[in-house]
Amino acid sequence: MADIRCPSCGKNNPDFLTVCQFCQTPLTPESTLQIGEKPTKKNTGELENILPDWLRDARQQSRDLAEEDAVQAASMPKTQKEEPPDLLAGLAFQSTGGDEDQIPDWLSSINPATQEKPSAPAIPAAPESDFFARFNKAESAPKSEPVQNDGTSFMGQGTDQPQDAAERDELSEWLTQTSEQLIEPSSLESDASQIESGWGLNIEESSTPEKESVPKPEEDLSWLRNLEATSKQTGELSTPKQDEDWQSGFDSPFSSPQSSEPEDLSWLNNLGRASAPEQPAQQSAQSQNDLDWLNNLGGTPATEQPASRPSQPAEDLGWLNDLGTVPAMEQPVQKPTQPQEDLSWLNAFGETSEPAQAASTELSSDHLSWLNRLGGTSEPSQTFDFAQDQPLERPPGAPAFEKASPQDDLGWLNELQGTSESLPAEPVADFSIEQDKPKDVVESTNAQHVSPFNPRGTAPLSAEEGTSIPEWLRNATEGPSMPMGNNALDQFREDFHIPTAPEEPFSWKSFILEARQADEEPVQPQSASVNPFTPSNDPSAISNQDVESLFSMDMPDWLSRTEPVSDESITQETAINAEEGDALSPADLPSWVQAMRPVEAIISESAPGIEDQPTERQGPLAGFRGVIPAAPIGSSRRPRAVSLTLQASSEQQSSAAILEQLLASETSPRALVSSPSVMPQQMLRRAIAVLVWVVLGIMIYTRSQMMPVSPLLPSDARDVTNVVMNISDNAPVLVILDYEPALAGEMEAVSGPLLDQLVVLRHPHMSFLATSPNGTALVERLLVNTNINQPDGQGYIAGQNYINMGYLPGGESGVLAFIEAPQTAIPSSPVLGFSEYAAIILLTDHADSARVWVEQLHILKQADSTLASQPLLAVSSAQAGPMLQPYAASGQISGLISGLSDAVRYELVNNSRPGIARSYWDAFGVGLMLAITLIVLGGLWSLFAGIRSRRAEVAEG
Amino acid sequence: MRVFAIALAIASGLIVVVGYFYPVEPLLQLRLQLTNWAMILAGMTVLVGIYNLVAVHMEKIRTRQKDAIYGGLLVLSLIITFGMGLVLGPDHTFMRAMVDAIIVPVEASLMAILAVTLIYASIRLLRRRVDAMSVVFLVVAVIFLVAMMPTPFGPIPGDQLILQFTGMFSRGGARGLLIGVALGTLLTGLRVIFGVDRPYGGN
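In order, the protein sequence lines correspond to chains A and B. Residues in the first sequence are numbered from 64 upward in steps of one, following our numbering. Residues in the second sequence are numbered from 209 upward in steps of one, following our numbering.
Worth flagging that the hints you see were computed from the coordinates, not collected in a lab. Be a bit skeptical, because a hint or two may be false.
Listed next, the stretches of chain B that the computed footprint assigns to chain A, with coverage defined by at least 3 CB atoms under 8 Å from CB atoms of chain A [unchecked claim]: (1) 250-260; (2) 282-291; (3) 309-316; (4) 319-325; (5) 328-337.
Here are some chain A residues pointing at chain B (derived, C-beta under 7 Å) [to be verified]: (6) G686; (7) V757; (8) G760; (9) P872; (10) A994.
To spell it out: a stretch of chain B is covered by chain A in this simulated footprint if at least three of its residues, at any positions, have a beta carbon under 8 Å from a beta carbon of chain A; those stretches are [what the hints assert, rightly or not]: (11) 266-276; (12) 343-354; (13) 382-390.
For each residue, glycine too, the CB sits at the ideal point set by N, CA and C.
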């Protein structure tokens, strides 16, 4: 056998298969139905031999049960059922009128969806055959022959009208093929198959792509078969009460007039055309054969030709038998006219309600399942006519139910409502079947309680309003006209609890529970005694069950929300988690961690909840709770008051008292205590003065020369001698007196040897210039003390050998002016230019004035080359000597005699003349020794005295 | 007026400075003239100072303040000396006697007091403040005095070495001081030239 490789999944499939057995992808190009193409007829009976044994057994059992049910239903007296006018009024009007303008909006919105998805209401042939077999049984058992002879049904019209001969031939061939397979079963199955074929034709005519769904029912049949088996085990199918209801349901259709038979024949011809090519050629064209193919659809012939039929189509028969019981009773209220329209919008229902019915089954099977249900409930009237058209027996007085009012046509919906209670076992059994629906889905459905089947808030139906649109449909489709009340708004809250069963007339949860009970318990005869066709006295009971489940897909999310789990369950879960250790258990915080907890945490813990807050009664916030804190603002979170009283110990208080006393003593005036050391200091100073005076006086008075003089001259002093030696005789020499009278004694003693040497050796013309106001008077003193102008000395005469030019004012400017123009600065200057002076002797006791002369002369020497060789000799006091040594070292000063020590040596070299320095030398020496002694002894005494006083202060505290 | 004073001061400074660096004849003559004006102004400042001294002490006499008599004596001596100097001249014997008998002994006495004060301060130094610098100061002073001190036994051994050592420090310190003084003088002159400092007034 050649294998066909699936283009989608790539797996091999037998060549006789047109659809992949793994992914359901069409294997052959011709099996793929394109838009606008007419579906081809295919024979699925060949797949019957593929079915496993258990499926065949189940199918056989379902067929047997269907036969028994049909027989019992036929034996039951037919009772006229009261129509449920309100529920089906709108549907009947749609089916009969055909005027789409009068179609309600909610239906018109649904119909396009049906047209867009023509393949959705795929109708498997096999399951429906079994479904119609039950009808066929129920009707043909007592009156099989009249039905066959009566050709007033739409099937009969289909056969009577020869204009569709070709279609009729195809149909006859296809029916012949099936009839051969269904030769063994009774004619009831054929009727049922005929009914089913009519149902299928109706759909096929409404939308041609529905033929494409023929191979798909293979998957649907399995679970249906199991459902059938389960229902059989529960004994539901064997209960005679339901059959009685079925019988009552069958009675009414026969009394209804037939009004739309021609239309039924047309879609029946289409059905025959679709299935004819698949039929074997040996099949006859008789009507009896048509019934056979219906039997073949019903799956009953599977026992005879197991190899020629697909196995799965027969699986649907079981539950269809259950459903078939209900629609069979509802046939009188349905209107067979224009079945195509009815089926079209029902297909729309099927599409929308499909996921709610069988969530676990596959897509194709879902379509089939709901269509089977709907088909089983809505099309029995048509099938019944089809059965009449066939040679099957029909009651002669059976009126064509095409005459039934539009409300009758929609009676099957009432039947649905009515059977929701009588057939609770079906969905439960459906859920219990593991092979078709996973358990998790069932569990989730049961656990959530609220599913898409959860009823919309429909109002109870009223018997008065049933003309155009039933009340329940209007309420289901229309939105709320009034604003949502508080209860409705509460539904949006997260903690909203959906009202439980007592508030609702029906809920899926209760339905499931009831279904479980019905599944667990055997079906009670009393439950079967409830006539589903009997209109219920409570309108809400009619409207809030299956009808709502049909439109449950339109429910908003908040309505289909899962009922909140009770607190007990939450606590149980928490406890379980805690036991399992998955949840975090409160830790035992150490004390220090608890102490570190923020205060806000404690406050938040102690803060009251919203529930504890009062509800506002006045103002715009009336009705709100917890908007304004109940407690006074800030009072609950106000930090604990801390006492401002200082908790001080006695020691701290004593310390504070001491500090206070110290501060008070700082502010209080304190009497000045005269220093006791004033007198000793004055005495010391006076003692020092007296000591110095006495010692020096003695030395001066005694003219002591006991102190030896070193003959070694300093280098600077030797330079002075060299300069003096280089001065020409009678050369003008400028002597600058730049010292104060206070130092006249020292300066005269220091400068005496130089001037004496100069006068003695060179006899220069000396010009004295004072830069100090008292200098002019000191010139004569100097000359007197040095014996220069003394007659017993050098005999210099003022104005002749020397000149006192007076005081040179202006400081540096005067010095500069005198250097640049001596006569300009000092008109009494004997020279015109400064360069005429052979030497400049600066007698200074002040370093700054000496610096001015040094600097100005040095600048002038750089500018005037004639001044470059002009020597500058400096005679300074001991205190100014160190400041002039740098100039002497740099050569700006030609020679320097500094202090008495240099002068006494220079005097010694100069033959100890004038002798002033030497006369001061012993006194100078004694005075230094006294000073050193006083400083050392006084310093040591002060040091120890200070230490003693500090120790005494420390001892005193 | 203020601007004129500033301009005059700056111009005088610039002329003298430029005359130092560029000894051209006009600048030298101009610099010499400015220097002479400065000498005259300086001599006049002595007279102004004498006038201020007489005015202050006359105010004390007029107001009969405490020790006003000393002020009167000062003013009287000033007038006599100034008058005699103008009449007799500075080289008169009376004038020399006044200087030799009054000015020189007074100032010399002040210097003697200074010597006693310095000794006393050196004695009290360690009493007031006992720290390293005080000790060092005293030790250095004593060493220098010892080195310069003539002794009946002749100069102490190593006196010249000590003098050279101490002279090294003294010369070094003196050079540092002179350099600092020169820089300060230069900076002061520049500030006056650029008008930053206005010792002549005008804020």
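Checklist line | Unsatisfied constraints (hint numbers, rising) | finding: 2, 6, 7, 8 and 11
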